[in-house]
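All chains should be built: construct the whole structure from the sequences, respecting the hints.
Listed below are the residues making up each chain.
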Amino acid sequence: MIRREPPAFFHRGPSPLARLTFFTLAATALMIADHRFHALATVRLSLSVLAHPVQQVATMPGEVLGRVGEYFTSQERLLRENQELKAKVLEQSAAAQEAHLLKAEQAHLLSMTAGKSRYVENGTIAEVLYNARNPFTRKIVVDKGLTHSIAPGMPVIDGTGVVGQVTNVGTFSSEVTLVTEKDQSVPVMLVRNGLRAVAVGSGKDGSIDIPFMPVSADVQNGDMFVTSGIDGTYPPGLVVAEVTSVQKNAAYVFAKISAKPAAGVDNHRYVMVLPLAAATVPRPDTKVEEQPRKSARDRARARRQ
Amino acid sequence: MRAADLTPLARDVMKLPASMGLVFFSLVGAFLLAILPWSGTWLLARPDFVVLVLIFWSVQEPRSIGQGVAFALGLLMDVSDSMLLGQHAFAYVIAIFGTQVLRVRILSFGLAEQTLHVLGITVLTSASMLLLNLLLGADFPGAAYFISPVVTALLWGPVNWLLYMPAVRRRRGESGS
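Respectively, the protein sequence lines represent chains A and B. Numbering of the first sequence is given in our numbering, commencing with residue 519 and proceeding in unit increments. Numbering of the second sequence is given in our numbering, commencing with residue 1224 and proceeding in unit increments.
Simulated from the structure, these hints should not be mistaken for lab results. We put the CB at the ideal spot given by N, CA and C, even for glycine. Worth double-checking, as some hints may not be accurate.
Unchecked claim - To give an idea of the interface, some chain A residues facing chain B are shown, with a C-beta separation under 7 angstroms as derived from the structure:
(1) Met-549
(2) Asp-552
(3) His-553
(4) Gly-721
(5) Gly-724
As the list claims (entries may be wrong) - Now the in silico label distances, taken between C-beta atoms and shown as ranges:
(6) A:Leu-535 <-> B:Val-1373: 24 to 30 angstroms
(7) B:Gly-1365 <-> A:Tyr-788: 25 to 31 angstroms
(8) A:Lys-722 <-> B:Val-1327: 41 to 47 angstroms
(9) B:Leu-1342 <-> A:Asn-739: 32 to 38 angstroms
(10) B:Gly-1343 <-> A:Ser-776: 38 to 44 angstroms
(11) B:Val-1327 <-> A:Pro-571: 57 to 63 angstroms
Unchecked claim - Derived coverage of chain B by chain A (criterion: at least 3 residues anywhere in the stretch with Cβ under 8 angstroms from a Cβ of chain A; other residues may be distant):
(12) 1257 to 1269
(13) 1284 to 1292
(14) 1295 to 1304
Now the structure itself:
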């Protein structure tokens, strides 16, 4: 008979099956802790610091290739790009001047009442390092982290619209969940008629759903959705998506509306991370907690009186 | 002395151990390949270099590379792939357990049959990870997801050759001197 196990005097610790049980239980515990309680942010942070230098080495060849490619771009293309940009600047300069005026006006009005500006002052420019290598989610990793005072929840935009939201912050880099990620929602408003809705990522590239809109809602193809700003996270007026299809079926309560994200969600090199807007109105949850809770005895006394 | 000690199946007991430096740097190299900026369909088809090298060393060096190392590397992969912490660890531990069970069989076969064994292990690894994510509410990422375990298994031959070379050279050098 062939002995498959080594002789007993080579002590090898627990059997493979015992190890398997131990490690799978440990992994399951970790997954539950991470998924349910989000308790492992510090573990993730410290491990990401460990992986950071290796990560930099790995992104280097791509970066070098990109730089070399940039160096050899044709003059024609650069000229064309330059012209396009100049045209864009002209287009936007009128709007920008108007915005200056509006901002000054708003500041004046706000100085009379005790309010805060709805508009963000400045953001942090970040470079996109790579798409997160996770086939199940849509995230990108940018090169600004805790050292640049990035915080979870910050909105991220590019030149044309909302890209997503910072969801995980490392020391030197952070993860941005794209607006197309499944269940990633942004409160939005229809520019044409001020209709409010919530844009929810569909989990597919280049597509956002607008669920829970009644069949009678006035939404058309080509309508523009911008952030409504009612959540206190996204500043109002950022372009989120353009409606691409509206299916109204009387058999259903809600219309099926799909939209295309305005930002080049899958192809950008630089993005801007906006600071979190300070909430002007306290959230309902906190207000409830602030109230002193009546004890059972108090309530009984109130009833008797 | 027992008869079992002389059977061909125990021949690896007499083999020179691979240097720990080679084991370490091959694992680092696999990790580096894994964290290249893959995206899109390439990401779905990305072979799992880390699990392949782990399988190789747990076949060749079962005393030093086992489920503990697989667990630790899995955690590192989870962090760098921004996945739920513990997913890769779970899948890698299962893969190495499978390897430990099949180890003696794998060693007694030729390269083609070995590749088939490795294919079984990698499919099991990918399937367990897919199942976990589907349980957690993710969408099925597409049939291209199953390219990865196949490519990983096909790389068994090259990896075998690549990691054997230094060990063989070392043995020749020592026997020659």
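Each hint, compared with the structure:
For the restraint placing Met-549 of chain A at the interface with chain B, the shortest Cβ-Cβ distance is roughly 4 angstroms, inside the 7 angstroms limit, so the hint holds. Hint on Asp-552 of chain A holds. Least Cβ distance to chain B is approximately 4 angstroms, under the 7 angstroms limit. The interface hint given for His-553 of chain A holds, since its Cβ lies 6 angstroms from the closest Cβ of chain B, which is under the 7 angstroms cut-off. The beta carbon of Gly-721 of chain A is positioned within 7 angstroms of a beta carbon in chain B (closest approach about 5 angstroms), and the interface hint is therefore held.
Given hint, Gly-724 of chain A at the interface with chain B, is violated; its Cβ is 12 angstroms from that chain's nearest Cβ, farther than 7 angstroms. Checked against the hint of 24 to 30 angstroms, the pair Leu-535 of chain A and Val-1373 of chain B passes, with Cβ atoms roughly 28 angstroms apart. Checked against the hint of 25 to 31 angstroms, the pair Gly-1365 of chain B and Tyr-788 of chain A passes, with Cβ atoms roughly 30 angstroms apart. Separation of Lys-722 of chain A from Val-1327 of chain B is about 46 angstroms and conforms to the stated range, judged on CB atoms against 41 to 47 angstroms.
Between Leu-1342 of chain B and Asn-739 of chain A the Cβ separation comes to about 48 angstroms, which falls outside the hinted range of 32 to 38 angstroms. Judged by the Cβ atoms, the range 38 to 44 angstroms given for Gly-1343 of chain B and Ser-776 of chain A holds: they are separated by roughly 41 angstroms. With their beta carbons about 39 angstroms apart, Val-1327 of chain B and Pro-571 of chain A fall outside the hinted range of 57 to 63 angstroms. Under a criterion of three residues with beta carbons nearer than 8 angstroms to beta carbons of chain A, the stated coverage of the segment 1257 to 1269 of chain B is upheld, 10 such residues being counted.
With 4 residues having a beta carbon nearer than 8 angstroms to a beta carbon of chain A, the segment 1284 to 1292 of chain B meets the requirement of three or more and the stated coverage holds. A stretch counts as covered by a chain when three or more of its residues have a beta carbon under 8 angstroms from one of that chain; for the segment 1295 to 1304 of chain B and chain A the count is 6, and the coverage holds.
Checked against the numbered hints listed earlier, the structure breaks hints 5, 9, 11; every other hint is satisfied.
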